[in-house]
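2 protein chains.
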Amino acid sequence: MKRRWMRRWGVCGLALAWSLAAGCSRLGAQAPLTVASPDGRNVVTVEMLDGHLVYILHRDGRSVLLPSRLGFAFRGAPSLAEGLRITGSERSSVDETWEQPWGEVARVRDHHNELSVAVVEMSEPRRRFHVVFRAFDDGVAFRYELPEQPALASFEIQDELTEFVFADNAKAWWIPSDRPRLDRSEMLYSESPVSVLDSVQTPLTLEDRDGGHFIVIHEAHLVDYPRMFLAGQALESTKLVAALAPLAEGVKARGRTPFQTPWRTIQLADRVEDLAPSVLGLNLNPPSVLEDVGWIKPMKYVGIWWGMHIGVMTWASGPLHGATTQNTRHYIDFASQNGFGGVLVEGWNTGWDGDWIANGSVFSFTQPYPDYDLSGLAVHARERGVDLIAHNETAGGLANYEEQMEEAFALYRSLGIRAIKSGYVVDTIPGGHSHYSQEMVRHHRKVLETAARYGIMMDVHEPVHDTGERRTYPNMMTREGARGQEYNAWSGDGGNPPEHETILFFTRLLSGPMDFTPGIFDILRPDPDGRPRAADAPRVRTTVAKQLALYVVLYSPFQMAADLPENYRGHPAFQFIRDVAVDWEQTRVLRGRIGDYVVVARQERGGGDWFVGAITDEEGRAFEIPLSFLSSGEAYVAEIYADASDAHWLHNPLAMTISQERVTASTTLTLRLAPGGGQAIRIRKAS
Amino acid sequence: MKRRWMRRWGVCGLALAWSLAAGCSRLGAQAPLTVASPDGRNVVTVEMLDGHLVYILHRDGRSVLLPSRLGFAFRGAPSLAEGLRITGSERSSVDETWEQPWGEVARVRDHHNELSVAVVEMSEPRRRFHVVFRAFDDGVAFRYELPEQPALASFEIQDELTEFVFADNAKAWWIPSDRPRLDRSEMLYSESPVSVLDSVQTPLTLEDRDGGHFIVIHEAHLVDYPRMFLAGQALESTKLVAALAPLAEGVKARGRTPFQTPWRTIQLADRVEDLAPSVLGLNLNPPSVLEDVGWIKPMKYVGIWWGMHIGVMTWASGPLHGATTQNTRHYIDFASQNGFGGVLVEGWNTGWDGDWIANGSVFSFTQPYPDYDLSGLAVHARERGVDLIAHNETAGGLANYEEQMEEAFALYRSLGIRAIKSGYVVDTIPGGHSHYSQEMVRHHRKVLETAARYGIMMDVHEPVHDTGERRTYPNMMTREGARGQEYNAWSGDGGNPPEHETILFFTRLLSGPMDFTPGIFDILRPDPDGRPRAADAPRVRTTVAKQLALYVVLYSPFQMAADLPENYRGHPAFQFIRDVAVDWEQTRVLRGRIGDYVVVARQERGGGDWFVGAITDEEGRAFEIPLSFLSSGEAYVAEIYADASDAHWLHNPLAMTISQERVTASTTLTLRLAPGGGQAIRIRKAS
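From first to last, the protein sequence lines are chains A and B.
According to our numbering, the first sequence is numbered sequentially starting from 14.
According to our numbering, the second sequence is numbered sequentially starting from 14.
Bear in mind the hints are in silico, worked out from the structure with no lab data behind them.
Some clues are possibly wrong.
[Unchecked claim] Partner residues aside, some chain A positions facing chain B, computed with beta carbon under 10 Å:
no., residue
1, 202
2, 205
3, 249
4, 416
5, 508
The structure presented is a predicted model; accordingly, all values stated were derived computationally and were not measured.
Glycine included, C-beta positions come from ideal geometry on N, C-alpha and C.
So here's chain A without its partners, still in its complex pose (with noise of 0.2 Å):
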């Protein structure tokens, strides 16, 4: 191919971009401001270009966002994007820690410079808006500020124009979005450079082509206004544009001055086991503004759930319905021998008998089938010490369950029940907006608030993603939004493919917990009808020791032993799961390849104990992991739970050795992970 053709034609974006980069042109141009990072190296500049209002990110000197444009489209309004002005700007500092009541972390540290750029049209209706960029040393931010003013009174926004102009054709971990009719997040990773990239999923995780940093892109702090997805342009440039989740006319986002969208963030790295855990969202979302955060406690829990997947129960009523007393006293005495905190049951309530996908309204979140003792359960339960999780399906009908909720949420607060799964099992929800539109949006931070009135843990599932909630509603413990296990019950594909779990670590779960639910032992299971599986039947795609692994690489303050209570009895790789934390002092993640291999260690929030998980894709490796994480001069146990030396995912997943070794912060243990495998380490001090 010819240089003249690119020159002219080709890679229209990555040329343009190339030599805005190397300083084209601009007229008129205001003197750029710029905000820097506490530690100098991420640095935003924000300047007039064309009449347009753009910023541009560097890291180290280095381009990591080309001009990128900023603005809005308007439904009854003129556009506020061209012939703007910056008039004025402000700028802040903040060093703080602060405690998180639960997480991957026990502190958080909230540094970083603000600027704040106020803008207005230079022509009527000279509307006015500011945007306050955020530097961080891992990453930046930034958000529109709509002030209240006469021209701009209440609104309704078409499109958010916010431009991210990579300065590579970085590679992109993605999902699709917003394809027609399924509005979903449970799917499988792919893996392009951005310039092929069609309209995508955040957090976006990008690898520029150096191997010199990470961009994972996502938004923080959502409240009242749609998701953001991000949209390629044509094929062959850089830029991706926000895309919002659309209501039912198409229009995005309706609201009154004075306004803020959520944050827009960028966060960056060295190393991609920088990455995690990521705090830039949490440090962008309000302090709690829940002044008891005593009653929210992490858990593990067991529950009525897998065995529907795997079909030898049902939601509905009838001759294998899961939800019965007998059965669900059955699990809480289970949980309450195993240590677990609760006991999750589904369909126990009635409307599982209908169309109920098609029709949200069948659902009664109060009334138990008759085969189901609700009161005498929670007592038993109560007695046993174990919680009883209220399964909430509400298949989209928004309106029949807001109705119900103060109902309904004092009837389980006056039975002890202190955590809701719920769950949102539609694409398009009722009125035709879209699954992660604004509707919805304000529909789970009503539920979030109204929870918390009631002393309540939510653990949402088909949520919309995590923009950092948990921070000022810690009773937003754990959500869905990924394909997880219960793929590998019925999935038409055959079930999530080893490299699965080590795709979600650096995309899914840098946005926040999912409940992933971990812990299937019975990879082999026949079929329902007793016999052998078929070879491209959907199964569990890793070995035993992997399913171990989740339990600390794929964080979640409520964690799942998802398999049948009786696949776990007498399994010696049952203790770990007993003996494994949810809440975390520190977390370290020692080796990552995304899309290859995780190795995490975590250290018990409250205890001494660490742990470590890792885990593999469909290659066997080994890793020499040196334990300095220790606090050196004190002697440990770590136990040690490995694929056996000819244990693979698909021919041998349970083939597993479980030992024991003394160990000091100066040992260096070697990890060896069949392929699909893992390995589960707990280290506690030698008594």
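Given chain A, work out where chain B should sit, using these hints.
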């Protein structure tokens, strides 16, 4: 997420596929016909399913393709897709071995079983067609044959309705196709589950979920028909449908019966290393129509080319004009001194000074620039034992090229010029047809036939993809059709990432040779103005040793030493380029992983030397390579061009070591590759 949701709504294609695989109702079905590969492993089943003709592919009894429909939509006539009936079948078998005049292997075995299925419409107009299936041990193929008949005389194909319904949500390596205004193949690859694919190019290489087999979808014997792309359906379906490159009016193909489509090929392998060399497509093309092929000779060449890409020469006339008599003599002398067979000269002919891209009619293919002594240089080249390679950039001006072709080729022949590098720098060709439409396919065939008449070998850039034409016309030597070296000179996205060639080997190169133009030694060249290059400026993203390894890994019968002669003179690594063969007795892929690494050994044709090329992505690697492919009992010397221990594509790309070692068939060599590195080895008999 809920099981019931999945059953009812989710992954509809998958769910359907699943139920079909499990044996859905087949009302009114005729008895299925099957054809198996000679080894019995690959079995195609053909049957009627709900009035549709479908084929099914199994390997070792396991589904590869679920029932996939066949048929056509016509313009001006009803579709030929429903209400069909199988009226008969014929079988035949072939087992023959044929010799290539040149190639990756000297001899190719064509061993297959054929099943021809006769199909008729059950109602008027009772059109008839055949689908011919061939089952080989390395894959299966089929094509449509439309016999001459009153109800189907001349026709316009609106769409070919061929489906490929994968049994598995396999992982695919892909480049997109048919984007607005970018009808190109020069792109970086992505990796996705097949359920996410939009429209993609072939060869499409897929790996199933269990790593149990690899599948490559492509086509063979494309003569008078558009190129085939593959279009994904709704998200979560594993079905891909043939998508033909359109003529301007939207219709895809025009023809008259009797008519045959190209073969649709499905290559299968258990190990990724078994995918190459790929001969399935060659076996599906007719034998050579050229009686004398003695004039067709693989060669290495140098040329006036890279200088334009890095901006130190121009195609156009002026002070930097590259194609001057003096400069060309310099290249001819360099070629002669170093054993190169050819010298490519771009920019020798008039037409480059105007706005040539939008205007393919400006080029003369006979008229040299005044500073280029065409006939004198031809004499000089002949005296030095070197062939000039004529450059014919058409800019898509097909008519202009076809008008001048006879005269030009006659001139070249008279001057002893026996090779042409042609170019088609344009997206949509004049008239508004796709770059890959039937018009373009016809043009390429016309040029190839004409070239054969004049004893001229072809190297086509911006081509239609290779479908095995070289078997029938062995003067069809090599072509571009992927992102090659020149992107490292000027690409706005920085150049090809280190993984690029490890993907090319298992995708683009499976279709046929590629004129990638390896051999850039001056990796750290300064900017044209002499300043050091910016950190994110385009550059070669390999070590020098990897540049050498590409001569072995990326097969082409014309292999360029792409750098400027001054960068080769006195460079010790240049000896490898002088030594490396370009025609092969046999080829063995020793190690491979798509996107990660490839190690290939090839034995020189007509000589006993072996060459080994090993390349890696951005990760350093070590390989233990037993030399068991050598003749036992013979003593050899391995000349090893390796990355230095501190080499690194980004920081230290030039560091290499050259060493010799005495080896035998029982030697195991350890190949250590730097990040972004490679290793090239010549193994010659010890003298």
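Here is what the structure says about each hint:
no.	hint	result
1	202	8 Å, holds
2	205	4 Å, holds
3	249	7 Å, holds
4	416	22 Å, violated
5	508	8 Å, holds
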